[in-house]
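A.B. asks: Guided by the hints, dock chain B onto chain A, whose structure is given.
Number of protein chains: 2
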Amino acid sequence: MNRTELIAQIKNKKTFLCVGLDPDLEKIPKHLIQNEKDIIFEFNKQIIDATAPYCVSFKPNNAFYEVYGLSGIESLEKTIKYIKTNYPSHFLIADAKRGDIGNTSTMYAKAWLQNLGADAITVAPYMGSDSVKPFLKFENKWAVILGLTSNEGSVDFQQQKVGSRELYLEVIEKCAAWGTENNMMFVVGATKAEMFRGIRKIIPDHFLLVPGVGAQGGNLQEVCKYGLNKDIGLLVNSSRGIIYASSEKNFAEMAAEEAKKIANEMKEIIKNI
Amino acid sequence: MNRTELIAQIKNKKTFLCVGLDPDLEKIPKHLIQNEKDIIFEFNKQIIDATAPYCVSFKPNNAFYEVYGLSGIESLEKTIKYIKTNYPSHFLIADAKRGDIGNTSTMYAKAWLQNLGADAITVAPYMGSDSVKPFLKFENKWAVILGLTSNEGSVDFQQQKVGSRELYLEVIEKCAAWGTENNMMFVVGATKAEMFRGIRKIIPDHFLLVPGVGAQGGNLQEVCKYGLNKDIGLLVNSSRGIIYASSEKNFAEMAAEEAKKIANEMKEIIKNI
Chain A
10 MNRTELIAQI
20 KNKKTFLCVG
30 LDPDLEKIPK
40 HLIQNEKDII
50 FEFNKQIIDA
60 TAPYCVSFKP
70 NNAFYEVYGL
80 SGIESLEKTI
90 KYIKTNYPSH
100 FLIADAKRGD
110 IGNTSTMYAK
120 AWLQNLGADA
130 ITVAPYMGSD
140 SVKPFLKFEN
150 KWAVILGLTS
160 NEGSVDFQQQ
170 KVGSRELYLE
180 VIEKCAAWGT
190 ENNMMFVVGA
200 TKAEMFRGIR
210 KIIPDHFLLV
220 PGVGAQGGNL
230 QEVCKYGLNK
240 DIGLLVNSSR
250 GIIYASSEKN
260 FAEMAAEEAK
270 KIANEMKEII
280 KNI
Chain B
10 MNRTELIAQI
20 KNKKTFLCVG
30 LDPDLEKIPK
40 HLIQNEKDII
50 FEFNKQIIDA
60 TAPYCVSFKP
70 NNAFYEVYGL
80 SGIESLEKTI
90 KYIKTNYPSH
100 FLIADAKRGD
110 IGNTSTMYAK
120 AWLQNLGADA
130 ITVAPYMGSD
140 SVKPFLKFEN
150 KWAVILGLTS
160 NEGSVDFQQQ
170 KVGSRELYLE
180 VIEKCAAWGT
190 ENNMMFVVGA
200 TKAEMFRGIR
210 KIIPDHFLLV
220 PGVGAQGGNL
230 QEVCKYGLNK
240 DIGLLVNSSR
250 GIIYASSEKN
260 FAEMAAEEAK
270 KIANEMKEII
280 KNI
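These protein sequence lines are chains A and B, in that order.
Mind the numbering: the first sequence is residues 10 to 282 in this note's numbering, read in order.
Mind the numbering: the second sequence is residues 10 to 282 in this note's numbering, read in order.
Check before you lean on any hint, since a few could be wrong.
Said to hold, decoys possible - Listed below are the simulated DSS-like cross-link pairs for lysine-lysine, each with C-alpha atoms no more than 27 Å apart in a straight line:
id	chain 1	residue 1	chain 2	residue 2
1	A	Lys210	B	Lys170
2	A	Lys46	B	Lys90
3	A	Lys239	A	Lys276
To be verified - Ranges between beta-carbon positions, derived for each pair:
id	chain 1	residue 1	chain 2	residue 2	range
4	B	Asn124	A	Glu45	19 to 25 Å
5	B	Gln123	A	Ala186	37 to 43 Å
6	A	Lys87	B	Glu86	15 to 21 Å
7	A	Lys20	B	Asp214	56 to 62 Å
Hints are computed from structural coordinates only; laboratory data are not their basis.
Ideal placement from N, C-alpha and C gives every residue a C-beta, glycine not left out.
With the rest of the complex left out, here is chain A (with noise of 0.2 Å):
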């Protein structure tokens, strides 16, 4: 998908809500786990069908498929080719966090961008320009490079000064340089919403994935005053708090009542772009 129909889905629906796949059999409602043989699959359809009216994009999470071996796996891809089907007009990203010397990086984003079909992959920046190249040869696919994320650990290295700036101003500066804003996403915490004000100068034109709504505590309202640019420029993600809103039998209506309700929000907040 490129950056226009991107801008233009999230216009039209007035939401740049992402909604995380993270299917943890832990938490996954009781009666999928005994009436179903692809259990996770099944509860990513119904996530996906009741909450794609009010997000624009969906964000399976690779840990969470990975730790079930080849089933998950497979769960995974069966996922991914329901989105593109039914919901071929969702940006579709594979939260991977890949990247690794030229050559390896070359295999990730093919497995992701061209085999799987995702429209964009999540990257980790610490092993630099040719672990980060790679996956931007892609037309009309994008990397989602790591900024500054949403956990405690990002003070340890991310806020670290290099010279007389963060590591991760650092970071978004020099990939920015290696791509476009319309084959460069970065990753922002909103668990760090003043930090969006360096950022948006480096960087005014770029979408940015932000996780850490939510569950992880960050706060939408500050996130849009700082992170908003005139193309929205946002997309933000929230999983724990949608896809186990509920683990009763409505746990599909529940998690849709739960978009809906940021929808609502950005709706709000948008309104005058």
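C.D. replies: Same frame as chain A, but now just chain B:
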């Protein structure tokens, strides 16, 4: 595998070679591609059998399996099982470069260290403490943290100064404090041999996993000069230089020759330790 067992292996066999298993269908000998059902597993199996006498470790690189989808992951699982069954005293490193917020890293750790049963997994440190610590919670298992990598891009961030020293030294010192020399190693590229000196000042006792010897241009003598410690303390990896030594029918024999050459060089270097 614990540290004592690993050191005993190395001292008994007089080699600290790790063979990297990066199967690429464009490089695998044609006769295997024509005749075998699970080409990747068959290639790996022959490489493993041929090189096992000359190495103490195998390192499958996740990307080279993931790119072939479910069947690639199946080949990877079979390869891991084959090593664990037939070469249980070889140290098995999953080169997956994972790392995410705490609950997600926990899933990755379970997937690779518990379910697949690898001895170690490579971990990307950019997200800090809670992204690293979940990999340290399994008895006799190891996290191998990216310190200073062997690729060009290591100059972009790793070699930037954080305060008075380079980021990679900051990463190594901070991460080392989260674990011990019994559950943590660091990746240090062979292409940066002179930098081993500074690293050994911070972590004299830790094992270092050293890629970049051979195809990437690193020099074994140099690496050993600065990197060896009283327990040897090095696992030197070679992938392409060994496994693609030949594309003829005798490819496994030629891979063994290459491995033997490196092992002999190692034997000579460590004869007095």
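A.B. asks: All the hints need checking, so say for each whether the structure fits it.
C.D. replies: Outcome of the hint check:
| no. | hint | in the structure |
| --- | --- | --- |
| 1 | Lys210(A) x Lys170(B) | 23 Å, holds |
| 2 | Lys46(A) x Lys90(B) | 26 Å, holds |
| 3 | Lys239(A) x Lys276(A) | 15 Å, holds |
| 4 | Asn124(B) x Glu45(A): 19 to 25 Å | 21 Å, holds |
| 5 | Gln123(B) x Ala186(A): 37 to 43 Å | 40 Å, holds |
| 6 | Lys87(A) x Glu86(B): 15 to 21 Å | 19 Å, holds |
| 7 | Lys20(A) x Asp214(B): 56 to 62 Å | 58 Å, holds |
In summary, the structure agrees with every hint in the numbered list given earlier.
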